[in-house]
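Visitor: As they're listed, the protein sequences go chains Y and B.
By the count of the numbering used here, the first sequence reaches residue 765 at its end, each step adding exactly one.
By the count of the numbering used here, the second sequence reaches residue 915 at its end, each step adding exactly one.
Where hints are given, some of them may not hold.
Said to hold, decoys possible - Derived, one-sided and incomplete: chain Y residues facing chain B with beta-carbon distance under 10 angstroms:
hint, residue
1, L216
2, P262
3, N291
4, K297
5, V713
6, T714
As the list claims (entries may be wrong) - Distance condition first, Cα-Cα at most 30 angstroms in a straight line; then the derived DSSO-like pairs of lysine-lysine:
hint, chain 1, residue 1, chain 2, residue 2
7, Y, K210, B, K851
8, B, K851, Y, K104
9, Y, K223, B, K877
10, Y, K223, B, K851
11, Y, K608, Y, K201
12, Y, K764, Y, K556
No wet-lab data here; the hints were simulated from the structure.
Note that beta-carbon positions come from the ideal geometry of N, C-alpha and C, so glycine has one too.
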Amino acid sequence: MAPLDFPSANPVENVSRRFLLKGLIAAGALVVSAPLLSRHAFAYATGADAMPHGTVNNPHVFVSIDPSGEVSIIAHRAEMGPGPRTSLPMIVADEMEADWARCKIVQAPGDEATYGNQDTDGSRSIRHFLQPMRQCGAAARQMLEQAAAKRWGVDASSVKAQNHEVVHAASGRKFGYGELAADAAALPVPPVEALKLKDSKDFRYIGQGKVQIYDLHDITTGKAGYGIDTRLPGMKFAVIARPPVVGGKLVSFDATEALKVPGVEKVIAVQGWPWPSKFQPLGGVAVIARNTGSAIKGRDALKIVWDDGPNKGYDSVEYRKLLEAASRQPGEIGRDQGDIEAALKGAAKVITAEYYLPHLAHASMEPPAAVADVKADKAEIWAPVQSAGGTHEDAAKTLGLPMDKVKVNVTLLGGAFGRKSKCDFALEAALLSKELGVPVQVTWTREDDIRHDFYHTVSAERIEAAVDAKGKVTGWRHRSTAPSILSTFKEGVVREAPLEQGMSLVDVPFDIPNIRCETGEAAAHTRIGWFRSVSNIPHGFAQQCMVAEIAHELGKDPKDFLLEIIGPPRIVDTAKTTKVFWNYGDPIETYPNDAGRLRKVVEIAAEKSGWGKKLPKGRGMGIAAMRLFLTYVATVVEVEVDEKGAISVPRVDVAIDCGFHVNPERILSQFEGASVMALSLAKYGAITFKDGKAEQGNFDDYQVIRIDEAPRVTNVHIVPHPYEVPASGIGEPGLATFPPALLNAVFAATGKRIRSLPIADQLKA
Amino acid sequence: MITLHINGEDRTYDGDPSVPLLWVLRDELGLTGTKFGCGEALCGACTVHMDGDAVRSCGLAAGDAAGHQITTIEGLDPQGDHPVQKAWRELNVPQCGYCQAGQIMQAAALLKEKPHPTEDEIRNVMSGNICRCGCYQRIVAAVHLASTGA
Chain Y
1 MAPLDFPSAN
11 PVENVSRRFL
21 LKGLIAAGAL
31 VVSAPLLSRH
41 AFAYATGADA
51 MPHGTVNNPH
61 VFVSIDPSGE
71 VSIIAHRAEM
81 GPGPRTSLPM
91 IVADEMEADW
101 ARCKIVQAPG
111 DEATYGNQDT
121 DGSRSIRHFL
131 QPMRQCGAAA
141 RQMLEQAAAK
151 RWGVDASSVK
161 AQNHEVVHAA
171 SGRKFGYGEL
181 AADAAALPVP
191 PVEALKLKDS
201 KDFRYIGQGK
211 VQIYDLHDIT
221 TGKAGYGIDT
231 RLPGMKFAVI
241 ARPPVVGGKL
251 VSFDATEALK
261 VPGVEKVIAV
271 QGWPWPSKFQ
281 PLGGVAVIAR
291 NTGSAIKGRD
301 ALKIVWDDGP
311 NKGYDSVEYR
321 KLLEAASRQP
331 GEIGRDQGDI
341 EAALKGAAKV
351 ITAEYYLPHL
361 AHASMEPPAA
371 VADVKADKAE
381 IWAPVQSAGG
391 THEDAAKTLG
401 LPMDKVKVNV
411 TLLGGAFGRK
421 SKCDFALEAA
431 LLSKELGVPV
441 QVTWTREDDI
451 RHDFYHTVSA
461 ERIEAAVDAK
471 GKVTGWRHRS
481 TAPSILSTFK
491 EGVVREAPLE
501 QGMSLVDVPF
511 DIPNIRCETG
521 EAAAHTRIGW
531 FRSVSNIPHG
541 FAQQCMVAEI
551 AHELGKDPKD
561 FLLEIIGPPR
571 IVDTAKTTKV
581 FWNYGDPIET
591 YPNDAGRLRK
601 VVEIAAEKSG
611 WGKKLPKGRG
621 MGIAAMRLFL
631 TYVATVVEVE
641 VDEKGAISVP
651 RVDVAIDCGF
661 HVNPERILSQ
671 FEGASVMALS
681 LAKYGAITFK
691 DGKAEQGNFD
701 DYQVIRIDEA
711 PRVTNVHIVP
721 HPYEVPASGI
731 GEPGLATFPP
741 ALLNAVFAAT
751 GKRIRSLPIA
761 DQLKA
Chain B
766 MITLHINGED
776 RTYDGDPSVP
786 LLWVLRDELG
796 LTGTKFGCGE
806 ALCGACTVHM
816 DGDAVRSCGL
826 AAGDAAGHQI
836 TTIEGLDPQG
846 DHPVQKAWRE
856 LNVPQCGYCQ
866 AGQIMQAAAL
876 LKEKPHPTED
886 EIRNVMSGNI
896 CRCGCYQRIV
906 AAVHLASTGA
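Using the sequences and the hints, build the whole thing.
Guide: Below, the structure written as structure tokens:
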């Protein structure tokens, strides 16, 4: 298969459902093509075609030109901060020589058959759509040029599109894009082989960092529309009381008092699905009112009897013991290289450490919220969803309507971090609107959000390192025990799936002859979901803390030792040495596991941070580096721990290599912000369960970092690459290197090694 | 029935006056620029001005706002060109953008009270406003820029 086959003409057979696809595919199942240089442009294979509905590059789908010259470009991915709603259309505009000031962005509804895959997660927007968007823009440009040439009766090669017009240099004639639009649209779309991409030196916008996010003015003036902001005539406002324990259900309710609350209009039961049921609603009791404030008051007055179901015994203190016990037993092997037993047996020294990381809640500032208007034969939804296409499918199925009778409008997302790739809240709105016959908005309160999340997993990690008499690490056994995301999709999943093991467990790029990675058994008792950086957080925390622990045992500098254990620049052949192989769903030929690039970010972060500089008492520096979602990241954290054990972070340096980069301004902001979010999880982040119920509910007991305790400065250093180094992504990677770098810094500052997150009061004097 | 003075206009609300002002603004009057974040005055997303002071509209009964001048993000400046708004755009502060209306209203109130705050004063006053995306570094810089005349 040629890598540039027109994907919409060759749709991926939808055998595995989208959310299982990534995790269940094993090595070899992906169609892989080696990078190739065509006559006109460098092209490379990505995993895009293995995603539901692949990619589309048709300019008729993405571009329209008004006779006035205004160019409308479709944004088909969701916007939650990293910038794809601006960056992907910007790629089209640059490639078609459109003037950005005369471009308008139109957000696509959920419709993957038309637009290609819309799952805005996994740091895939640029990785999978840079090439199709360039092709789309190039095709539009060439069609405009052909239309102009035809009108002038000259050869197309004698005209040139530049800055929103086509120019015939020989005669000095020109046409604006608006004048050519109708003629150009009537021409056939050139085949991919006939496209000429711009030379990188001619980019106006790509890589320049000068285009501001499209919604900037609206955001600063309160006009930007998030999911929670949709308003329809006659719309009612709802909040829902949901079963407090996952797997529980409604027995009975008494709405007498609730209905006395002023503004409350109705109280009705909401359909729930048995656990696990992917993203279907939990069910419960909905209070419908004239405004959300009244609905909340009404809900407070409900009397409800729940059956807590099979997970009512879930207790985080007890569960931790189970996870840790499992990590001390042999698990299922995901990678087995060399002979780990012999290495450990023959070692001069075995260093063992155990780490623990609790559940986390996403807590995006906009809680889940959606509006639906459902009629007998059609439905329309407005929702801040990461997976517009998935929401489209799930809503149609849930409502029993054909896909073409359901429209999902994608609003801006007020943060998401993986939470809004699950569309349960939109389905709730749809069910309520169907029953009530009027448009309904469902809003989750903060307590709803924190108590009914699809949580980041909880994990016990154990690493044993064999060290020989010369101080060389000869063996590495990493056991990870954590409930899997796939447990939210089907029963019987009791260990991490390939997609989770592929995140910094089995793909560890270390130059160690004997490596074994194992997973222990861990049944889920709540809904587990993707959380930014995902399993890289627990795996990476253990892996990168352990590197610093070994360095300390051996009396070596942690940065030097990190480079030593990564080993010489080389391609780490992960596919050969692992039994479960994922590579984030993309071909290893395009995105190899490159130890040289990992070394490079370590060196840059160390140099920029002034690694090794003399620090005052109470200060320390720590480092960590990983390949995360095919992007290489190294983080150096400088920490200060005062005499009472309070920590502050005066400085962070991050080096990032995401291949060719499109929007450096958004890369900086993503990594600046990730330092803050990562400090939140390291310092405070913990959702704990007692009697099956989450014990936290708002920002008082689920604290996040505020501006007064945020890192004072995060310096982000981007490694530049030409287009020939395939672009990866920047939304997911930011969280995983920071926590181990921070705790390594705390150790350097205090001599105290913290292996269990969050830090909470562990440093209190 | 209560009358609220919002962004220079009189608006009426005939519902329960104990409902927080936030929900009256958003759900009854269509002023959705003011955001819901926590409902407990913990995050600052719902910050508006009451007689020029920053208040959390999720913790203020609508009835208690009657008789006061309320300003929301929509009314901060007719063109959206308050120095804080301009500085926010100049430095590309927002990521998802959701909390930014509350941040901007808090920052505008701070600068009215104290036109040239120190960095520590900025961090102290802005610490009631959570940004989960973590735009704090740029928020500090933008408030500083606004204070020096953006």
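Visitor: Hint by hint, which ones does this structure get wrong, listed from lowest number up?
Guide: When the structure is compared with the hints, none of them turns out to be violated.
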